[in-house]
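Chain by chain, the residues:
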Amino acid sequence: MDFPILSAVTFLPLAGAILILLIKALTGAQIRADGTEDDRVMYAGLLFSVATFIVSIVMFLSFDLNGTGYQLVEEVDWFSGIKYKMGIDGMSLLLILLTTLLTPIALIASIGSIKKRLTEYVVSFLVLETFMIGVFCALDLVVFYVFFEAGLIPMFIIIGVWGGIDRIYASFKFFLYTLLGSLFMLAAVVYMYLTAGTSDVVQLEQYAFDPGAQTWLWLAFFASFAVKLPMWPVHTWLPDAHVQAPTAGSVILAGILLKMGGYGFLRFSLPMFPDASVLFQPFVFTISVIAIVYASLVAWRQTDMKKLIAYSSVAHMGFVTLGIFSFTEIGVQGAVFQMLSHGLISGALFLIVGVVYDRMHTREISAYGGLVHRMPVYATLFMLFTMANVGLPGTSGFVGEILTMVGAFQANTWAAAGAALGVIFSAVYMLTLYRRTVFGEITNPELENIQDVNTKELICLIPLAIGTILLGILPNLIFDITRESSLHALAQVAGG
Amino acid sequence: MFDLETILTAIAPEVLLAAAGLLGVTIGAFLGDRFTGLSFKFGALVLFAAAALAGYYWEGGRAFDGLVETSSYANFAKVVSFVSGGIALLMAEGFLRRHETLRYEYALLVIFAALGMGMILSSANFMTLYLGVETLSLSSYVLASFHRDSPRSSEAGLKYFVLGALASGLLLYGMSLVYGFSGSTSYEIVAEAEPTMGLLFGMVLMITGLAFKVSAAPMHVWTPDVYEGSPSPVVAFFATAPKMASMVVFAIVLYTAFPQAMAFENWQVIVGIIAAASMLVGAFGALPQTNLKRLLGYSSIANMGYALVAVAAGVQYGAGSLLIFMTAYVIASLGLFGGVLSMRREGGMVENINELAGLVRRQPGLATALTLLLVSVSGFPLAFGFLGKLAVIQAGVSSGMWPLVIILVLSSVIAMYYYLRIVKIMWFDEQAEDFEPVDGWVTMTVYVSALVSVALLIFVAPFSELAETVAAGLIS
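Just so you know, the sequences run in chain order C and F.
Take the first sequence: its letters are residues 1 to 496, numbered as in the numbering used here.
Take the second sequence: its letters are residues 1 to 476, numbered as in the numbering used here.
Bound-form chain C, shown alone (with noise of 0.2 Å):
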């Protein structure tokens, strides 16, 4: 058996995790007067995530962009039938990277503005490291299951201790929303394994399931996708959950965590459920149209930054179940490419609105204005990931919208049209938004002092900058490793 390498992506944050506990057991390492931790706890979680982003890159490379099928797959027996089987193709291989390279730069951001229990702090993001890399390499609807769930206790965490003000009630709110979904999902995976013999994802998609079931177990994992993605109107989490969240937090739920509910989609509703995902493509279009609408309208309104652009993730990810149920191969590709662009995109924007919020203590709009007058760094950076999600041409935004509206157009003009409709008003509140922040005079006098970018901001939000410029001028670099993948959620639902 070759190396288990994606044993090894998904294992090594939890293994640094113990070994961080383990040190801090041993060494008795003391708290200080003040509350604050020796800040080597946090160098040393930085040291394991960006060990686990180098082993991603190995995994990169050990696999093979033309072949077919899922690649660098394991297998262990766990019980009755029911395996540890690892595995992925074009698309996880992707989501996989997305998550190695947001952890380190949510960690980063952390340097400095997080400073009471740190340990607990390193050590949950590096448990949900873990689970989120796991939820895109399993190949088993419970292993799936498994990693899915389990990510909700360190986010849980996260929000609850280093959030805001109303942090608890976002926790858990948060928590009970998601598992609420994800019970009914569980309850499906039990009928499939009861029913189809086997809970391996590949076999399962072999299966053809009774169209009756299929409406039943479509609707159980739509409850829990549907939720996570988050779709309108079981989106009203996601906005306390990320006003409340530290940046950090911020960044890896906008980042990642929505993105298990396309990947969930992708993977497991189109090719098993392939004539309920048909016979569900209105109610999908209608409601991801009115997601794309009213939350760009709710996002227009709001006076608190982050609330801004959460309601501009849930805009977004309309786009997303947009592409992914107009069942053609460019709405598909484009569902999968907005997924990773908004990843980086929101992820971006959280930090942006990280920097001015460590110096100011305030998301308020109001509070800030001619911010281009003392940071012009930030200036710059802050219009090109606006620009990058009002969706420009040359900004890997434009990519995913476009496609995902093509692919839309080809199966229901009227979505489209409707999600025309959103890109417009998006512009609208990203331009408002950085206009009342950035531009005009300085009206608060305690901005005079603030100061622009520094190196610790920089090194996060560079790479995210390249890389949603690099994918705007070449999306072929995705296109090309998931292909093979947007066909095979295909498969089904075109041939069937």
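The hints are simulated quantities; they were obtained by calculation from the structure and are not laboratory data.
Misleading hints may appear alongside valid ones.
[Unchecked claim] Sample of chain F residues lacking proximity to chain C, with all beta carbon distances greater than 10 Å (derived):
hint: 1; residue: S150
hint: 2; residue: S184
hint: 3; residue: E188
hint: 4; residue: P195
hint: 5; residue: F201
hint: 6; residue: T208
hint: 7; residue: V221
hint: 8; residue: G365
hint: 9; residue: V423
hint: 10; residue: P437
hint: 11; residue: L451
hint: 12; residue: L474
[As the list claims (entries may be wrong)] Capping the alpha-carbon separation at 20 Å, the derived lysine to aspartate or glutamate pairs in DMTMM-like fashion look like this:
hint: 13; chain 1: C; residue 1: K307; chain 2: C; residue 2: D166
hint: 14; chain 1: C; residue 1: K115; chain 2: C; residue 2: D38
hint: 15; chain 1: C; residue 1: K307; chain 2: C; residue 2: D358
hint: 16; chain 1: C; residue 1: K307; chain 2: C; residue 2: E364
hint: 17; chain 1: C; residue 1: K116; chain 2: C; residue 2: D358
hint: 18; chain 1: C; residue 1: K24; chain 2: C; residue 2: D39
hint: 19; chain 1: C; residue 1: K116; chain 2: F; residue 2: E430
hint: 20; chain 1: C; residue 1: K83; chain 2: C; residue 2: E205
hint: 21; chain 1: F; residue 1: K159; chain 2: F; residue 2: E228
hint: 22; chain 1: C; residue 1: K83; chain 2: C; residue 2: D166
hint: 23; chain 1: C; residue 1: K83; chain 2: F; residue 2: E465
hint: 24; chain 1: C; residue 1: K456; chain 2: C; residue 2: D39
hint: 25; chain 1: C; residue 1: K116; chain 2: C; residue 2: D166
hint: 26; chain 1: F; residue 1: K41; chain 2: F; residue 2: D439
hint: 27; chain 1: C; residue 1: K173; chain 2: F; residue 2: D429
hint: 28; chain 1: C; residue 1: K115; chain 2: F; residue 2: E430
hint: 29; chain 1: C; residue 1: K456; chain 2: C; residue 2: D2
hint: 30; chain 1: C; residue 1: K116; chain 2: F; residue 2: D429
hint: 31; chain 1: C; residue 1: K116; chain 2: C; residue 2: E205
hint: 32; chain 1: C; residue 1: K83; chain 2: F; residue 2: D439
hint: 33; chain 1: C; residue 1: K115; chain 2: F; residue 2: D429
Built from N, CA and C at the ideal position, the CB exists for glycine as well.
Take the given structure of chain C and dock chain F to it, following the hints.
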């Protein structure tokens, strides 16, 4: 006629327990208080030895003209019950010493309770079943009021006794009706009898009585009060060993004495309703609780509801799942009550969940272990409890009881709220005062059960295979 080997294959653990219990009484009569310190080790040793005997005579057998019959299914439950009872006994010593109620009778009562558990698990006749139930119950009543100077403990014992006596009466009345309409008290012959209305009526009364013993709604009302009032180590015992034994007996009686299609259809509906009621009562009842013991009482009602879903699924789908679920529950409960026993400050035990505030800052190990145990008992992935819940859902789905599965899902989410509330208090809230150190057995139980809960999530295969094998033995 009298064949020792046959008797031993059927009831070796019970023979040991009865003999050791009587021996203990005798030693106690001579040594008096000098026996006290030793009695707890003696009791635990006896219980572990009984578990080993149950493992040794794994295949079981039949004795006394079919009055007792032990299957490997029953032996599985015996091993779990005896081991958890022994651990609960070891955890009790330090607590009782500090409360100046350390008496050797405690250990002997636990031995006799274990004897009752063994008897009901080996019963193949309503007579042995009733005798076993009463042996278990009478020992439990005394244990509940073991703090005889405390009004709360006496109240708990009295409530338990009065309601327990009522339930025993119902059970006995049900048995007499079944006897009247089938002409026998033997499971085998009852199983062959025609399921007339009178027989079914007796069966319903028996279900009522047994539901009381497993604290299933609507026969649950005693549980929160007894959990709150009884001394904590006694509750640690109540929540584990007798629950395991009673629940498995509940299943065995229904599976073996009432397997006819018509009876099955009837009890499946009744058990299903009881299960749904328990899940909902447990979920909603725990929401406003601030006393940890009371909260765990409601949590156990909810968990018995989940177990009853497996019972209602019938022998073919539910028997194996029941064992997996109950074992996961027992392991997590032992650890959680170890946590309750760890909550000691100067001036005595504290039971309010807010006393756990900020525990992670003071005792990160204990807080992490308790979090894992809460995760396990809530059936969330990351611990063995998840596989228990998975098994129950599997039982529910394969027998097509979708309404029950949906109620299970909804009540799990509600229940998650109060488990999370404890996690929140331990992790998010500002620090309360330190707990005093407690004795090694308690700490060890907490850590070991947390570790076992996680380890069994990964290395569950031999365990689940064993459960399925013994369940298959029950079908044939």
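How the hints compare with the structure:
1. With a cut of 10 Å on Cβ distances, S150 (chain F) stays outside the contact zone with chain C, its closest approach being about 35 Å.
2. Under the 10 Å C-beta cut-off, the non-interface status given to S184 (chain F) relative to chain C holds; the minimum distance is some 37 Å.
3. For E188 (chain F), the shortest C-beta to C-beta distance to chain C comes to about 31 Å, beyond the 10 Å cut-off, and the non-interface label holds.
4. Every C-beta of chain C lies more than 10 Å from that of P195 (chain F), the closest at about 29 Å, which supports listing it as non-interface.
5. Distance check for F201 (chain F) against chain C: the nearest CB is about 35 Å away, which clears 10 Å, and the non-interface claim stands.
6. Against the 10 Å criterion, T208 (chain F) stays outside the reach of chain C, whose nearest CB is about 30 Å from its own CB.
7. V221 (chain F), annotated as away from the interface, keeps every beta carbon of chain C farther than 10 Å; the closest lies near 28 Å.
8. Residue placement check: G365 (chain F) does not keep its beta carbon more than 10 Å from all beta carbons of chain C (closest about 8 Å).
9. Under the 10 Å C-beta cut-off, the non-interface status given to V423 (chain F) relative to chain C is violated; the minimum distance is some 8 Å.
10. Even its closest Cβ contact with chain C, about 17 Å, leaves P437 (chain F) beyond 10 Å, as expected for a residue assigned away from the interface.
11. Here L451 (chain F) stays apart from chain C, with its beta-carbon at least about 13 Å from theirs, past the 10 Å limit.
12. Consistency note on L474 (chain F): stated as away from chain C, and its beta-carbon is indeed over 10 Å from all of that chain's, at 18 Å minimum.
13. With a C-alpha separation of about 14 Å, the suggested pairing of K307 (chain C) with D166 (chain C) holds against the 20 Å cut-off.
14. About 9 Å separates the Cα atoms of K115 (chain C) and D38 (chain C), which keeps this hinted pair within 20 Å; it holds.
15. As the CA atoms of K307 (chain C) and D358 (chain C) are separated by approximately 17 Å, the hinted pair is consistent with the 20 Å bound.
16. About 10 Å separates the Cα atoms of K307 (chain C) and E364 (chain C), which keeps this hinted pair within 20 Å; it holds.
17. Of the supplied pair hints, the one linking K116 (chain C) and D358 (chain C) holds, its CA atoms being roughly 15 Å apart against a limit of 20 Å.
18. Annotation: proposed proximity of K24 (chain C) to D39 (chain C) holds, straight-line Cα distance about 12 Å (limit 20 Å).
19. Under the criterion of a C-alpha separation no larger than 20 Å, the hint pairing K116 (chain C) with E430 (chain F) is consistent with the structure, at around 12 Å.
20. Taken as a hint, the K83 (chain C) and E205 (chain C) pair is honoured in the structure, with Cα atoms around 16 Å apart against an allowance of 20 Å.
21. Note on K159 (chain F) and E228 (chain F): the hinted pairing holds, with a Cα-Cα distance of about 12 Å set against a maximum of 20 Å.
22. In summary, the hint linking K83 (chain C) to D166 (chain C) is not supported, as the alpha carbons are separated by about 41 Å, beyond the 20 Å threshold.
23. Note on K83 (chain C) and E465 (chain F): the hinted pairing holds, with a Cα-Cα distance of about 14 Å set against a maximum of 20 Å.
24. Only pairs whose Cα atoms come within 20 Å are accepted, and K456 (chain C) paired with D39 (chain C) is accepted, the gap being roughly 15 Å.
25. Proximity of K116 (chain C) to D166 (chain C) is assessed by CA-CA distance (about 18 Å); at most 20 Å being required, the pair is judged to hold.
26. Of the supplied pair hints, the one linking K41 (chain F) and D439 (chain F) holds, its CA atoms being roughly 14 Å apart against a limit of 20 Å.
27. With a CA separation close to 18 Å, the supplied pair K173 (chain C) and D429 (chain F) stays within the 20 Å bound.
28. Distance hint between K115 (chain C) and E430 (chain F) is fulfilled; the C-alpha atoms sit about 16 Å from each other, no more than 20 Å.
29. At most 20 Å may separate the alpha-carbon atoms for a hinted pair to count; K456 (chain C) and D2 (chain C) exceed this at roughly 38 Å.
30. In summary, the hint linking K116 (chain C) to D429 (chain F) is supported, as the alpha carbons are separated by about 13 Å, within the 20 Å threshold.
31. Note on K116 (chain C) and E205 (chain C): the hinted pairing is violated, with a Cα-Cα distance of about 47 Å set against a maximum of 20 Å.
32. For the proposed pair K83 (chain C) and D439 (chain F), the alpha carbon gap of about 41 Å is over 20 Å, so the pair is violated.
33. Our distance criterion of 20 Å between C-alpha atoms is met by K115 (chain C) and D429 (chain F), whose separation comes to about 17 Å.
The structure is inconsistent with the numbered hints 8, 9, 22, 29, 31 and 32, although it conforms to all the rest.
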